[in-house]
Amino acid sequence: MTAREIAEKTGGKIEVDVEGASAENVYVGDLLSDVMGHAGDLCVLVTIQNHLNTLAVCTLVGCEVVVLCHNRPVPPDMAEGAKREGVAIITTPMSQYEVALALSSLPPSPRK
Amino acid sequence: MKFDLHIHSCLSPCANLEMSPSEIVAKAKSAGLDAIALTDHQSARNTPAVAECARRAGIECLYGLEVCTAEEVHTLALFDTPEQALEMTDFVYAAMPKRVNDPDVFGDQPVVTWDDDIVEMEWRILAMACRHPIPAVSAKCRELGGLYVAAHIDRSAFSVYSQLGGIPDGASFDAVEFSRTADESLWLEKACGLAVVRSSDAHNLDDVGLVWTEAELDGFTVAALKKAFEARSTRISPRLTKF
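Sequences listed follow chains A and B, in order.
When we follow the numbering used here, the leftmost residue of the first sequence carries the number 1, and every step to the right adds one.
When we follow the numbering used here, the leftmost residue of the second sequence carries the number 113, and every step to the right adds one.
If you are wondering where the hints come from, they were derived from the structure by calculation, not from laboratory data.
Each hint should be verified, as a subset may be incorrect.
[Stated by the list, open to error] Derived CB-CB ranges, DEER-like:
id, chain 1, residue 1, chain 2, residue 2, range
1, A, Y97, B, D146, 23 to 31 Å
2, B, S268, A, E98, 16 to 24 Å
3, B, R344, A, G62, 44 to 52 Å
4, A, P110, B, K210, 19 to 27 Å
Model, not experiment: these values are computed from the prediction.
A virtual CB, placed ideally from N, CA and C, is assigned to each residue, including glycine.
Produce the complete structure using the sequences and hints provided.
Structure below.
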């Protein structure tokens with residue numbers, strides 16, 4: 001699923017657009033240590049963590065799309081980092097659970 | 113005495129590589145600080161170097177680390193000696209993920225000597241949380257004779273307020289820290305009666321000396337700070353309105 005499709009399904013806005021960014025599974029998590037341990041390659045990460053460390057974890061797990069819930073803003077350093085690392089960022093007014101429901105056609109990240 | 117309890121060196125992956133112990137100490141002195149504490153993420157491995165630099169420069173120093181707990185809350189553990197701080201580091205390292213740092217993702221993590229030679233590159237990912245929750249870190253810090261401070265409680269990430277919604281019971285914090293920009297009129301009541309410090313959380317040399325805390329102290333020691341905290345006698349510098 002492309003970042004654009006994810007934005008449409010979640011009523012979100014693409015804050016950082018990255019050509020070709022897409023996802024094949026979903027992981028929901030706000031503790032980055034948990035995300036690092038469990039999120040799958042090519043997941044869309046659904047979270048409220050709107051800061052630079054989120055992107056580092058995305059790079060480690062192979063995530064190309066982040067959905068920030070509750071319209072959390074994207075700080076400038078995070079936007080720059082996302083462009084650099086090739087991670088698309090979408091903001092949505094939805095909660096994590098609402099996003100999960102909206103993306104239910106995608107499977108969860110495989111268990112590790 | 114004017115002091116800053118929260119300064120990172122080049123060992124922190126997110127800090128500028130210019131933050132060598134010698135440069136930090138020189139900048140602190142020229143900025144008019146009487147004392148500093150070195151607090152890298154999850155590690156005190158550069159504290160022996162800063163101790164030597166501080167001794168040569170005639171500036172007071174405490175030795176610590178910024179522990180990122182299981183709750184992903186940043187907390188400062190501060191000690192009188194590098195040895196105590198390194199023992200705390202061993203405790204934290206034992207609960208760190210066994211993944212190797214990728215400097216291209218998180219940044220370099222050099223352990224250095226007092227005269228800026230690189231001893232080795234720390235291999236753990238210091239940007240990640242450890243598995244110890246706040247009560248366990250607090251208890252270990254106390255056992256080793258340290259001070260335990262809730263870092264930048266006003267920040268929207270990695271603070272007691274962002275992660276837990278408040279100051280947890282049983283955390284036994286000796287004080288809470290305000291960031292450079294924290295507005296006292298909003299945050300003082302959220303300190304829940306604990307002593308307050310303001311620190312730079314410096315990651316670049318330009319950050320050192322921007323803000324500080326003042327107190328009448330009989331020496332820059334854990335015991336003296338504890339006494340000032342208990343008496344609620346610390347005073348903080350004005351906040352920065354531009355960041």
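Now the hints, each set against the structure:
no.: 1; hint: A:Y97 - B:D146: 23 to 31 Å; in the structure: violated (51 Å)
no.: 2; hint: B:S268 - A:E98: 16 to 24 Å; in the structure: holds (21 Å)
no.: 3; hint: B:R344 - A:G62: 44 to 52 Å; in the structure: holds (49 Å)
no.: 4; hint: A:P110 - B:K210: 19 to 27 Å; in the structure: holds (21 Å)
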